[in-house]
Structure formats: structure tokens, C-alpha cells
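Please put together the full structure from these sequences, using the hints given.
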Amino acid sequence: MTSADVRESSAATDESDGEPLDPRRRLALLEECRDLVLAQLSRFIDEALDRLSVELTITAMKAAGRESQQALLDALSLVRAHRNDIEFRFRQSFAQLFEQRLFDRAPADAVAAAPPGGLALVDDGAMEERLALDRLVRRARRQLDPDEVLGVRARMAALLGRDWFDEDDYPASPEVVFEALQRSLDELAPAAEVRTALLQAFEPHVATSLAGLHASVNERLRSQQVLPTIRPRPVGSADARRPGSTAAAARPDSPAATAPGAQSVAAAAGAGSSGAVLDSGLPGERLHAFDDLVQQMSIDQEAARRSAARMLSDPDTFAMADLPMPMVQPPLIEALHALQSSSRERAGAAPLVTELLDQARSKGSSLDQLTVEIVSLVFDYIYADRRLPDPVKQQLLRLQVVAVKAALLDRSFFARRQHPMRRLIDRVTDLATDPDADYGPESTLVSGVAGIVDWILGNFDDDLGVFDGAMARFDALAHAERERRAARLLELTRQAERMEALAVAQEEASAEIALRIDPVTPAFVREFLYKWWSLALAHARITGECGGASWAQALQSAEMLIWSVAPKIPDDIPRLASLLPRMIGPMLKSLKAVGIADDERQRFFDELLRWHTRAIQDAKIGAGRTMQAVQSAIHIGDDGVARFDASAAEASQGAARRQGAAQRPAENAAVDSLLRGDLIEFADESGATQTVTIAWISPTRKLYVLSRFPDFGRSLDRATLVSWFATGRASRVAPHSAVDSAIDAIAQDDPVAAGAAGRLRASNGN
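Here our numbering is used: position 180 in the sequence shown is 568, and no number is missing along the way.
Please note: incorrect hints may appear among the correct ones.
Unchecked claim - Straight-line alpha carbon distances no greater than 27 angstroms define the calculated DSS-like cross-link-like pairs of lysine-lysine that follow:
id, residue 1, residue 2
1, Lys1090, Lys919
2, Lys980, Lys919
3, Lys781, Lys919
4, Lys1008, Lys919
What the hints assert, rightly or not - Computed Cβ-Cβ distance ranges for the label pairs, DEER-style:
id, residue 1, residue 2, range
5, Ala772, Ala1071, 21 to 27 angstroms
6, Gln941, Ala603, 43 to 49 angstroms
7, Asp574, Glu722, 54 to 60 angstroms
8, Arg1002, Arg468, 48 to 54 angstroms
What the hints contain is simulated information worked out from the structure, not anything from laboratory work. Even for Gly, the Cβ is constructed at its ideal location relative to N, Cα and C.
Structural data, given as C-alpha cells:
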């Protein structure tokens, strides 16, 4: 990057409130941005590759089809074998693409490969891959804050003295990241389905990384007075800025726009393909396409509905403050005011939807009809959401008229998460889908949401500021709900903290047992000591005693047990006979205190009796003398007291003596990344699945408390939780936005959305 690059790209002055930047300062800031972007994305690819092995394994285990599972396993093998290659090639590819997008340079190989006339045949497989990649890009884009995206597009363009970057063309866009990922994988030549599986696995990591990256770039450039306040203005596509382009000819303010037939260009494009409408980057073209979409939807074309949803949810359509979007028709707003008043008393949803659509058809514009249609589909999707409790659904459905009015007054409802009505719906659904939420019919949460809905229905006219008041009321309700949860969690936490202390004490006990066990200690005794007697020792450490035995007394019982099953000589028989009553009585009391099952306790002592019988018989015939070469660290004196020689234990320790010692904590990337408040879906013993929340994680991350209101609270040690994740019994649940999910489903060919549309049409009598 050189100062000449900056000068050549400069076509306008900075649109900032500060002094214009000289070319050298611009160059320095561009280089800082480039270094910042490359550093953050390098960290992203490194962290993502670390996690993909575990994530791909879990996904493969849960895959339904054999081919899908094989593609995931092949993707896993590729990551493990070529991790460093993928990381290096991604950095290299992204750096090249960043420079190309920054200065609008076409890659040399693309120019050389272009066929005469600009046309080429594309096979079906390549087209499917392209469509799959586009879906990933759209999903990643929807998770980004439109305001942050707009800031990066404007500020990086300002450094170059050029117009805004298009949303899919700026250097730090999801398109660029996925293209770099695709290039890095292409060089390894995997099968198409393997490449697609890997790109899908990368998608959530891309969105998370870009969210932080956009915030960092904006913060850096704002601090340097690069567009501290952005002045929005509508901008066309890159083609529209090139003289002679079709888009430029169709601009409303161009002479060509008044030519016969010019106004039908966008409609013709829309009629040919649902995706073609979305390629119209200019506001005039997009608005003109609405009429065509309404005509298509009137004859029940699902593609038209998806195209409309994609257009309305595209941040580029509504991100500009002075976009010439038509106002809602006043007769429609008046009709909605009347419907809102009557909806305060209604319980049913379907008749209300019918009236909304009838009013939109008779009193609204084509754009109004589209808006009402898709808002209604969003609510139909919310109604079908199984994660959302029915009492809360019923309250949200009462807001359909309000949501339609809010979307008509500010049409960025679908494109902007910060839309006031959308923020309110998301906040309500976020709290209501928390497993620890109390959504009983008489609960504070449900009655509180009902009260807020009543207040909105009574106060909302045409001022979106009403929703700020509703959010304040909901924040107070959410605070009360958090207080209720905190009181419940306090008891769970106390129990968990005790279990954590018990687990630490049990590890200490296992380490002490490991020092004392002989290489010849039988397996059934080892298992008993590590499973049950370490627990008795832990209880004695935490509470001061276990079944009346202190830590020291319980540890001496373990020493006597280990000595009792060691090989014997004739002189040991009297000592064993006198030791057994003193050993077994206290052990039985301690085992009862730790809750061992009667049948398991009986099996152990029956096996111990048989072992002692054989040991005495062997001692009488002298068979035990051949085993005396093994030097035990435990001895029984003439006084019948067991004594442990630590120095002898250290001298004779080997691998066999630590066979049952406490293992290192199991590793699992999915468990390592868990945070308090995360949602986990797991299958219980019957196979039924339920969603719970991580209510508490111990400071040492050895213990996890899972909770679900009102009657589920369970503590799991780390090893158990790791095994659940590794076997697919448990998985992390992604954060849930009801509106986001609905819009994504409507915009894609989603069976849930298709079913929602069908139910909606049925309710309308179509």
C-alpha cells in the first residue's frame, strides 16, 4: 500500500466534522486498519481451527445420513492433517483480497481467465456450491450490527476519498472472509461436499470474529476523527458508478430514466428471477420491484415471498437515512388504529391476521402489502417456535397490529436489530426461552408481559418512542425475574460449592491412597478404595468425621485393608485375625454415611472374605513366602497398629501403583468455552431432550450446575460433562432471536416457514 494508491483513489474530501486528513496520514491509518484486520482474523482462524476438531466430531456423530457423516469425517481429517497449511493460506489469501477490494483491483488471474464476450458455462455442482456459500454469507451478515458495518464501509472509504463501499464489497466483509477460506481449501483440493462442510463449520466463528473486528476498526478510526459522525446518503452499486452501466442508465435522476420502457427494467429482472431483484442496488430500482413481487405473491409464488423478505431484510436497503422510501398510506394507518383498539379484547390470532391483510390490500400500497404479509409470517413463525412458552406466545400475538404499524412507520424493522419494536420482541423472547424463567400462568413474568402489552396497546399511536417506555418497564420486570432466580440459585450454589470442596478433598484422598497401594493389591480392593473409600475420606476432611471416623482414622482403615490383602506368612495369621474386627466395624459405619448401596457393599465384603480365606490357606502352606520380595510400605506392629512408611512407598513406586490414581481433567473445547448463563440441550436417561442453563461453574471448572425452573437442578463433575459432549448427549444451544430466526426462515426455502405461510393462507381462506 503506497501514498500513490491513496492519491489515485481520492475523488472527494473527508465527510467528517474535523480537519481533512493529508494523504500521508490517510496512508498511515489505512495501514493501521489493514494490520488490525489481519491480526484479528489471524487470531480468528487459529482459534477456529483449534475448536473445529471437537465440533466436527460431535456434528458427525449426530449426522443423519451416511454421506453427510462421511463428509464431516473427511473434513475433520483435512483439518487435522493440514491445519497449518489452512491457516497460512487463509492469511495469504485474505491479505490479497483485502488489497484488491480496497483499491478495486481485479486479480490478474481473473482477467486472464475471462472468456471473450464475458460469458461462461457453469456446471450444476459449482452453482450449488456458490448458492451454499451465499447462504453462509447472508447468515453471517445478519449477525453483524448494521450500524457497525455501515461505519466500517463509510470510514474506510473516507480514508480513500471515495464513495461508500457496497455492503458485499468492502474489504472486511463476510464475503471476503469466506472467499479467502474457500481459496485456502481449494488449494488442498478436497471434494465439494467436504469443502462445504468445512465452510459451514467456520460460519459461526466468522460472524463472531467480524463483530469484534468491526467494533475495533470503528473505534480506532473514530478516535482519529475519521467520520466521527456519519452523514448518511443513498449510494448505488459499484456498477452504477461506472459510466455506461445499466444501473447508471436506470437511475431516477438520469436522462435515460425517462426513456420509454426504462421503468420496467427492474420489474422484468424480478419476473425472471427472485434473486435478480436483489441485485438492483439503487433505491429506485428496489422500490419499483415491489409491484412485481406483489403480483407474483398474489398468484402464490413462494419465490416472490422469499425475494421480498430478502429485500426488506437487507441492511443496505434501509441503512441510509435519506433513502426515498414511500410513506405508509394514511387510510391504512387509520384502519390499523381501529384494529389496535379492538385487539385489546381479542384472544384469537387468525381472524386478526385476515383483517390485517384485507386492510393492507384495500387501503395500502404494494410496499405496504408486502410489509404486512411478512410481519404476519414472522408472528406465525414465532407461534410455531417450540422453545417459546405458550403463555408468552399468546401475549406476543396480541402485538401483531402494533408490530405491523411499527414496521410500516419505520420500514427497517426487518433489516435492523435496533428497530424499537424488534428489540422489544427479542428481549421478551430471550428472557422467556431461558430454562430458568418462570412462565406459569400466574407467574410474575407472564403477568408482567401481559401488563406491558396492555400498556403498549393503549398508548402506541405513531410515536416509536413508546417502545422506549415499554423497554424500561420490561427492564424492571427482567430485574425482578433475576432477583427471583438469584434466590433460587443461592441454594443450588451452596450445594455445588460443597460438592466442589468434596471433589477436591476426594482428589487428595485418592492421592494418599495411591501412595499406599501395593503392586499386588487386588483390583477389586483398588476399585473400592478409589470409588468409595476416597469419598469417605473426603467427607471426613470436609465435615471432620465420617461415620464417627476422623481423616486419620479413615486413612488408617485404608492402610489396614491394603495390608490385609497382601501375601501372608504364618506369623501374620494371628495379626490378621485380631485386625479384621477393628477394621470392618468402622468401615461399615463410614460406608453407610457415604450412601453405598447395600448390594454393592455386600458384594465387596463377600469378595474380601474369600480373599482372606485364600490368603490364610496360602500362608499355612508357605505359598506367601514367595511373594515377600515385594516390599510393602505398610506394616502391622505387635500392638496391632498399622504404620505407613512414606520413604519406602516412594522408593518402590511404579506405574502399577498409580493405576487408579486420579486422572488429569478431561479436555474438551466445547466444555472449556462454557460460560455461566449458556444454554445446554441434553438427553436424559429416557432419551428425552431438554434445555437447561449453566447456573454455576466452580472456580476450578471441576463442577457445573445445570438448572431448569422449577424443579431441575443437577451438579455434574467435569469428566461427566465432557463425556456427554463427546458422545453427543449434550450440546450447546446458540443464542436465540425469534425475529432473526423468522426472517431467515422466510427468506430461505425453509420448511418451517413454508408451513407457516400455508397456515397463514389457510386462515385467510386463500
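Evaluated hints:
1. Lys1090 <-> Lys919: 17 angstroms, holds
2. Lys980 <-> Lys919: 14 angstroms, holds
3. Lys781 <-> Lys919: Violated, at roughly 48 angstroms.
4. Lys1008 <-> Lys919: Given pair lysine 1008, lysine 919 is violated - Cα atoms ~33 angstroms apart, limit 27 angstroms.
5. Ala772 <-> Ala1071: 21 to 27 angstroms: 23 angstroms, holds
6. Gln941 <-> Ala603: 43 to 49 angstroms: Because 60 angstroms falls outside the window, the suggested range is violated.
7. Asp574 <-> Glu722: 54 to 60 angstroms: 58 angstroms, holds
8. Arg1002 <-> Arg468: 48 to 54 angstroms: About 50 angstroms separates the Cβ atoms of arginine 1002 and arginine 468, which means 48 to 54 angstroms holds.
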